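Undergrad: Residue numbers (this note's numbering), protein chains in the order written: chain U, 1 to 122; chain Z, 1 to 102; chain L, 1 to 477.
These are calculated hints, taken from the structure and not from any lab test.
None of the values given here were measured: they were computed from a predicted structure.
Be a bit skeptical, because a hint or two may be false.
Stated by the list, open to error - No more than 20 Å apart at the CA atoms, straight line, and that leaves these computed lysine-lysine pairs for PhoX-like: (1) LYS149/L x LYS59/U; (2) LYS32/L x LYS120/U; (3) LYS116/U x LYS32/L; (4) LYS98/L x LYS116/U; (5) LYS149/L x LYS98/L; (6) LYS89/Z x LYS98/L.
Said to hold, decoys possible - Some chain U residues close to chain Z (C-beta under 7 Å, calculated; not the full set): (7) ILE72; (8) VAL74; (9) ILE75.
Virtual Cβ for every residue (Gly too), placed ideally from N, Cα, C.
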Amino acid sequence: MIEQYIPIFLVIATAAVFGAAVVFSSKLFGPQRPNDIKISPYESGKKPVGNTSERISVKYYLVAMLFIIFDIEVIYVYPWAVEFKSLYAQYGIFAFTPMLIFLIVLELGFVYVYMKGGLKWD
Amino acid sequence: MTSIPLEYYLILSAFMFSVGVTGVLIRRNAIVVFMCIELMLNSANLTLVAFSSFLGNPIGQVFVFFVMTVAAAEAAVGLAIIIAIFRNKLSVNIDEINIFKW
Amino acid sequence: MPQSNTEYLQILPFILMGSGIVISVIIEMFYKKSEPVLGWFSVLLFITVGFVSLASINDSAVLFNNMIEVGGKPAIFNFIFTFGAAVMILSSMNYISKYGIYFGEFFIIVQSSVLGMMIMAGAKDLFMIFMGLELMSICFYVLAGLNRKKIQANEASMKYFLLGAFATGFIVYGIALMYGSSGTTSLPYIFENFSSLISNVLFVTGLGLFLIGFSFKIAAFPFHMWVPDVYQGSATTITGLMSTGGKTAAFSVLIIMLSAVFANNAANTFEPYFAGISVLSMLFGSIVAIAQDNLKRMLAYSSIAHAGYMVIGLAAGNQDSVAGIIFYLAAYTFMNLGAFGVLSIIEGKDDTLLDINSYAGLNSKSPILAAFMALFMFALAGIPPMAGFFGKYYVFIAAIKSDLTWLAIIGVLSSVISVYFYLRVVVYMYFKESTVNFSIEKNNTGLLAVVISGILILVFGIIPDTLLNVIISVLNF
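Chain U extracted, bound-state conformation:
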């Protein structure tokens, strides 16, 4: 079993050695004359202002939360869509109505969010 993985270990080892070699050889052989501008994060840009871990507005959270909910509901539609042809052959219109009801309820939730102002940015 484990013998099958030997090529993969070889590739990983090669990649590690090569990566380390590139990084350390430039440190080893290259000239190093740092000055203020050179060691700043953006050598040719603006000076950075403030902290990187700035708090972001909670509004992003609301949008992200709504996105997760509506995004993940789609996984119910996929298997239904893939199987639709055979379902239709077997059940006729009853293959369609359950998904219709599901989507209407989902849409109702979306309209609710909209009416309550959940998508207003200001």
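We have chain U already, so just place chains Z and L on it with the hints.
TA: Using the frame of chain U, we list chains Z and L on its own:
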């Protein structure tokens, strides 16, 4: 090409589950605790998918869909709760949240 | 997919409940002052669904490819859930504005949680158990923290969420293992092969994890640590629903999962587990409740103790014990909701007046409230001829039938201990001078809820045999 035996999946998922349980019990940051809970759910998902493939019936995979959607709903509610508590206390450390005695 | 169109008719309670939720969302969306409308609409909806369920009590059927069961045992559970929720909504109508959660969403979330409980009670497939459980639990997490400005509510809801989700993790992993070892999630199939599956290590592990997860939900002893804080931190009427509806739904699932045992097809492998947690919960709940001065916290510990008494029935594992548990759950639901209803009427702003000292001399302030509170306390203590007594009595008798006399004796001992803290409230109300000065606000719907629960308790206590026979007649193991 031989396929990976079922036991490997089960051992991996049991390990993930144990990591999740341990994390819930020892970590103090509410977000990390919540992440550990998600890990527990995902280990269950892995078990379900492995069994589903091993038994050759699709019920397990469908169950994974349900677990995923429920986990998403739970994440939305849980993060909302954590944000509400952060706004009041400016901390999500579950040791500092102790108005009530445990 | 439907086998026939009659299935849609048989599943009417669920369809009514679901469309009720959709209609409530639409009302809340388009109508500015929706709260009173939604409140009365919910009460109407719950009562309708309750009666529609009860009407089908004699024609039980398993629908939609062995997914869900209607009529029979689920009908009784649906009655408990819907009437309990109706009582809870009645006592909430005035209370929620006092507590600061006068939102229309409150009613929608309560409706959704009741739908989740109904799905759990009727489940015939692990899918339905999981979906119903999560629908109920997620609604409860939101309800616990509905007042997001209040730090106690935040904390309660976070504790409830983290521990509830932790329990869900156990349940899902247990379901995964049970699915793997039996090859299906359909419970009728699992029950047929229960006696052979129970010797499979994987299946027993899965069922064990599942039972541990549900022990969290019923608030039994080693998994009880969230109960006091969550019950104290949430709004009083919401606590009432969580302690009754949530517990009843979790017990309904436990009864479903062990129905192969109750039908005498298989040995009760988990009897030591249930006996252990029931002894611990009874003694722990009763003893710690003695030390509590906050009545909400006292009722939380008493709820742990009551979970212990009910688990005796699961340990006994015969048909009588199931009937006993169901009767007990029905009685417990209304006596606890009544007690929390009285608490919610007396409670002042910002969680004040929940202390037992506030109840000193209540008789002179409001004789009717004091009388009902005394009734609920007697019922919870299990003093005959109250409903609570018969609940315990049936469960203990079933335990003795299964040669678990020692368990029944510990149950009786623990009941004797618990009489102390229940009667303490009565003593304060009738024989102590009032020390805290406050006036009780007029709250007609709250009073109505208390009166309804009181009447139901009395009815349960007067004709327990008739009700028990009804329950036994619909048990179809």
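Undergrad: Each hint needs a verdict: does it hold in this structure or not?
TA: Verification of the supplied hints:
1. LYS149/L x LYS59/U: holds (18 Å)
2. LYS32/L x LYS120/U: Distance ~19 Å between LYS32/L and LYS120/U Cα, so the pair holds.
3. LYS116/U x LYS32/L: Holds - the C-alpha atoms of LYS32/L and LYS116/U are around 11 Å apart, at most 20 Å.
4. LYS98/L x LYS116/U: Distance of about 24 Å is beyond 20 Å: violated.
5. LYS149/L x LYS98/L: At roughly 14 Å apart (the allowed maximum being 20 Å), LYS98/L and LYS149/L satisfy the hint.
6. LYS89/Z x LYS98/L: Since the Cα atoms of LYS89/Z and LYS98/L sit roughly 24 Å apart, the hinted pair is violated (cutoff 20 Å).
7. ILE72: holds (4 Å)
8. VAL74: violated (10 Å)
9. ILE75: holds (5 Å)
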